[in-house]
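So the chains spell out like this:
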Amino acid sequence: MRSHNIIVQDDLSNHFRLYLQHEALTRAPIEPEYFSDDVYTRQFVSRLRVDHQGWLRILHLASETSMNRHFTLHDCWDAITAILRRGTIRVYRLTHLNRHYRRQNEKNHYPIIDGTQGVHYHFIPTTALLVHEPGETRFFKNDPEQATQFIQVLTQQQALNEGPLVSILNAIVLKWPIGGTQHPQRIAALIRIMVSGEVAVVIDRAPMAVPTSSNMALSEEIIEPKPATLGPHEEPGYVPKENPHSGLHNQAALTPDFQTSADSFKTTRQVDMRTLSPEDEVAAEALDEQGWDKDKVEQVLKSGDNFTETPYQAGDKLYGFNTAGRARNLDNSAYLLDETGMNEVQEKYFRQGHWDKEGVKDYLALPCFNSASTIDAMKVTKPTTGIQSTIGKATELLRYDAPDGYTTGTLGKIMGGGGRQTTLDPSALKLLGK
Amino acid sequence: MPNTEEQRLDLIENCTLLLEGPLKPFKQTDNTAEGRMITQCQWLKERAENHDLPLPVKEGKLGSLLYIYTNGELFTATSTKDEIRRVETMMQRIIRLAYKGQLLMKPPYIYTPYALRSIDALITVLETAPRPLSQYEQGLIPDLKEIKQLLDEGKIEPPLGAYKPRYPNFIKAERSIRDIPNGKDYFFTVSDLIFNGVRPDSWLTVEDADRDTRRL
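If you read the sequences in order, they're chains A and B.
Going by this note's numbering, the first sequence opens with residue 24, and the numbers climb by one from there.
Going by this note's numbering, the second sequence opens with residue 4, and the numbers climb by one from there.
FYI, nobody ran anything at the bench for these hints, they're computed from the structure.
One or more hints might be untrue.
[Claimed, not checked] Listed below are the simulated BS3-like cross-link pairs for lysine-lysine, each with C-alpha atoms no more than 25 angstroms apart in a straight line:
1. LYS151/B to LYS175/B
2. LYS175/B to LYS405/A
3. LYS317/A to LYS158/B
4. LYS103/B to LYS416/A
5. LYS148/B to LYS317/A
6. LYS317/A to LYS453/A
7. LYS187/B to LYS317/A
8. LYS84/B to LYS27/B
9. LYS416/A to LYS61/B
10. LYS453/A to LYS402/A
11. LYS175/B to LYS317/A
12. LYS453/A to LYS84/B
13. LYS158/B to LYS148/B
14. LYS402/A to LYS84/B
15. LYS317/A to LYS109/B
16. LYS371/A to LYS402/A
17. LYS416/A to LYS317/A
18. LYS317/A to LYS103/B
19. LYS317/A to LYS84/B
20. LYS84/B to LYS405/A
21. LYS151/B to LYS317/A
22. LYS453/A to LYS405/A
23. LYS61/B to LYS436/A
24. LYS317/A to LYS61/B
Here the structure is a predicted model, which means the values were calculated and not measured.
Based on the provided sequences and hints, a complete structural model is requested.
Structure follows, in structure tokens:
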């Protein structure tokens, strides 16, 4: 079966090799990317610089398209997300490819060591094998004995003297610096990177067929990057593109500013804690048992209605929109989204490659200081029961200012709510990601 | 609802503790929870200092405080449990003063003797109830005795809000106890004193507290 060699790039210039189900996986000791949940997988997919036609082509190669179905770009993302989750396509990160793309004009080749009896040894980054896999290759991952023995043999053959050794170490993109400049230290460094799995050795006993920087770019199957980045706003070096959605909060140049007044966010539902309805009594008792004090219980009751109990199992995910750069503390977050709630928000407010932050804030009734620019994820650590409610309306008075002096003046804002929020026993949660 | 000089000074004190403590490194802005809390505390403090803050304060003026407190917005993944408890206690005291217009059950425990009397009174109400007690109501009696001892020995400091799950009988008995004569009033008095850190509105002074609890 033909290998397609599909290579894609994300908005941070990381390259990934996609293996379709019918393609033989690499023999190299490299682990594929792990996609543990739908939200992160979808985020990964949407950050890949693949345009609509590119996704359609990949879906076609994966036999996932149908004559009877029209795939929009979002349909493609959904389909690819599902495929990655079930492992029909496997994704491997090409950690060294980017450097070699940059060196392409230098005609750089991986170093070749000439052994005895006409045998040549090509030291290559292991991930190069994701692009081109020659016949005889040796791997030394987690095998220091074999790596040491192999290097000793080359040294005895006087094939690995100082010149070739330095050329190998200079050519391989190392994750850590080499300590020392003496020959034994360099030998030790080489063994270390071989054992780490960073480097493999292609053994050539016949005419050459090893990957070089020039033949790694197998252009026929490389999916061209699309022009616009979709990346998360908090990534270093990310330059946000203009958000196509309407709403003041989607305008990058405007920041909420209302420093002189305490008037701000408030919920609209009225609750008297001493005369609760039977439904609210049940919710309040459950929230008490989760460990929330009475003042927080009151605020949760005021923030929503239609309270229901929902069971969660260990491993389930909970999410919260947050301002980029802030690491949420789990012990104190009463307003979360479960997987279903998060998917609802995403379906409604992630369009054209951008979050409609104004829409998210309206749907989840988020106050001005939550810019909804990042998503925190948490994992349930033990079976527990969450309290779900439909987020109620909230109002806010605020003003948006631009650096050039433009100001909207004070605005009264009504957020409709409607999303489903979840309040969980914080001791049953663990932070994921950040 | 009381509106006293003591509450005014307590409000100024707790706002100052927040502004000069955990909020000090941050600047006033609406882009961050800390910045928003600075606005909130400064607004409350300035008005309290100018004798221009009738209690309770309208909810619309306290939205930032209530949301930030409920959703733990001031804390990060590196915040310690002690730090969270300390800052939350300051915030909860501001909420109880400004939002509810209540009087604090505050250090140095000058109201502790009267809180102990209130706990005794609730125990008596339970022990002399005209109907058989539920398992939670029965379990509440030793819980109350334990809390009374810890409070008397200065080993606990109200508010203990987040510690309520340690006393599940308190949670379960809250609804059922209401049909017992005086059960609801005595229960909420003790619950407010211990878990919410506030004393009854009628305990304006130590003398008032003494008078109110002497005949319980």
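Status of the hints after comparison with the structure:
1. LYS151/B to LYS175/B: Holds, at roughly 19 angstroms.
2. LYS175/B to LYS405/A: holds, 23 angstroms
3. LYS317/A to LYS158/B: holds, 22 angstroms
4. LYS103/B to LYS416/A: holds, 22 angstroms
5. LYS148/B to LYS317/A: holds, 22 angstroms
6. LYS317/A to LYS453/A: holds, 24 angstroms
7. LYS187/B to LYS317/A: It holds: about 16 angstroms lies between the C-alpha atoms, which stays within 25 angstroms.
8. LYS84/B to LYS27/B: This hinted pair holds, its Cα atoms lying about 20 angstroms apart.
9. LYS416/A to LYS61/B: holds, 18 angstroms
10. LYS453/A to LYS402/A: holds, 5 angstroms
11. LYS175/B to LYS317/A: Cα-Cα ~14 angstroms, so holds.
12. LYS453/A to LYS84/B: holds, 15 angstroms
13. LYS158/B to LYS148/B: Distance of about 14 angstroms is within 25 angstroms: holds.
14. LYS402/A to LYS84/B: Given that 25 angstroms is the threshold and the Cα spacing comes to 20 angstroms, the pair holds.
15. LYS317/A to LYS109/B: Since the Cα atoms of LYS317/A and LYS109/B sit roughly 18 angstroms apart, the hinted pair holds (cutoff 25 angstroms).
16. LYS371/A to LYS402/A: holds, 24 angstroms
17. LYS416/A to LYS317/A: holds, 22 angstroms
18. LYS317/A to LYS103/B: holds, 12 angstroms
19. LYS317/A to LYS84/B: holds, 19 angstroms
20. LYS84/B to LYS405/A: Holds, at about 21 angstroms.
21. LYS151/B to LYS317/A: OK: LYS151/B and LYS317/A at ~21 angstroms, within 25 angstroms.
22. LYS453/A to LYS405/A: Roughly 10 angstroms between the alpha carbons, so the hint for LYS453/A and LYS405/A holds.
23. LYS61/B to LYS436/A: holds, 18 angstroms
24. LYS317/A to LYS61/B: With Cα atoms ~19 angstroms apart, LYS317/A and LYS61/B stay inside 25 angstroms; holds.
In this structure, none of the earlier numbered hints is contradicted; all agree with it.
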